[in-house]
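Participant: Protein chains in written order, with the working numbering: chain A, 338 to 494; chain B, 338 to 494.
Some hints could be false.
Copies of one chain are not kept apart here, so a pair can be met inside one copy or by any two copies together.
[Claimed, not checked] Below, computed lysine-lysine pairings styled on DSSO-like, alpha-carbon distance capped at 30 Å: (1) Lys482 - Lys427; (2) Lys412 - Lys478; (3) Lys358 - Lys412; (4) Lys483 - Lys342.
None of these hints come from the bench; they were simulated from the model.
This structure is a prediction, so every number in the text was calculated from the model and none was measured.
Protein chains: 2
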Amino acid sequence: MPLFKKVLYPTDFSELAETAKDYALKLREAGAEEVVLLHVISPLEFSLPQFDDPFALDVALLYSHLPEVEREVLKRHQEMLDILAGDFEKAGFNVKKVLTVGTPSDEIVRVAEEEGVNVIVIGYHGKGLMERILEIGSTAKAVIKKAECPVLVVKRR
Amino acid sequence: MPLFKKVLYPTDFSELAETAKDYALKLREAGAEEVVLLHVISPLEFSLPQFDDPFALDVALLYSHLPEVEREVLKRHQEMLDILAGDFEKAGFNVKKVLTVGTPSDEIVRVAEEEGVNVIVIGYHGKGLMERILEIGSTAKAVIKKAECPVLVVKRR
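From just these sequences and the hints, can you work out the full model?
Facilitator: See the structure below:
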């Protein structure tokens, strides 16, 4: 069995995630057949003052409580996931799209285990000053620490 | 060009490195053609009281200053690297063996850059209590942070 049969590619639609995408696609040649495309929505990005625990929401519930302008943001995320799916399908992958609400690293590790993926492909910002201050890249760090499967860490170009 | 044409596989000959080896070998199917097998000798493993900076040594110099019993350890490392090379050659790789003296993470990043590899395959111990106390796994962490190329992080089975 190929070691990389099923791939998890989490994306926040950033430039860095785009770099990681090239590697995820390339795993097709290493025997990868399936890919799970995951986008995690942090409820903290949205205005949800009425919830004690916004992390308990699912996407539909989140959607129903958002003001119109933020619904558009969420719809745009779904569209971007669809476009991404098209790219992976063109490369010959069986594609599953997952959109969840939560803490990105926790959701990535949870979905990796639930889906039984063989590798997670994720971007890593490295050690720039701004990144250290803003703790960008801590999602990748937490995923490396917590995931049970191998993680392909892709650095910023 | 395949994204994983040239692979760096650093090993300390541990069980964890052995797990990572399976993935390094499997990259052959992802288009990998060359592999650099690296073993870094920490001078701190040996008795070298007469050196102010044992990290300034190369392998030959280290060897010449070792007592007989420790020379045997060093020879054994070289033999293990030869055996490893055989496994990778059998899988169809062009193999280069590198044995250096220094701090493992620094040497791994230096060799990765000098050799222009496309990916480093390394084992990661994770978050066991003993590992946290002994700081095992910090080599992988430092490599992920400092390397410019992608790093395939393989967890303990």
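Participant: Give a verdict on every hint.
Facilitator: Here's how the hints hold up against the structure:
For the homomeric pair Lys482 and Lys427, neither the shortest alpha-carbon distance inside one copy (32 Å) nor that between copies (33 Å) is at most 30 Å. Taking CA atoms no more than 30 Å apart as the test, Lys412 paired with Lys478 passes inside one copy only; the shortest distance there is 29 Å, against 37 Å between copies. In this homomeric assembly, Lys358 and Lys412 come within 30 Å of each other (Cα to Cα) only inside a single copy, at 21 Å, whereas the closest approach across copies is 43 Å. In this assembly of identical chains, Lys483 and Lys342 lie within 30 Å of each other by CA distance both inside one copy and across copies; the values are 21 Å within and 29 Å between.
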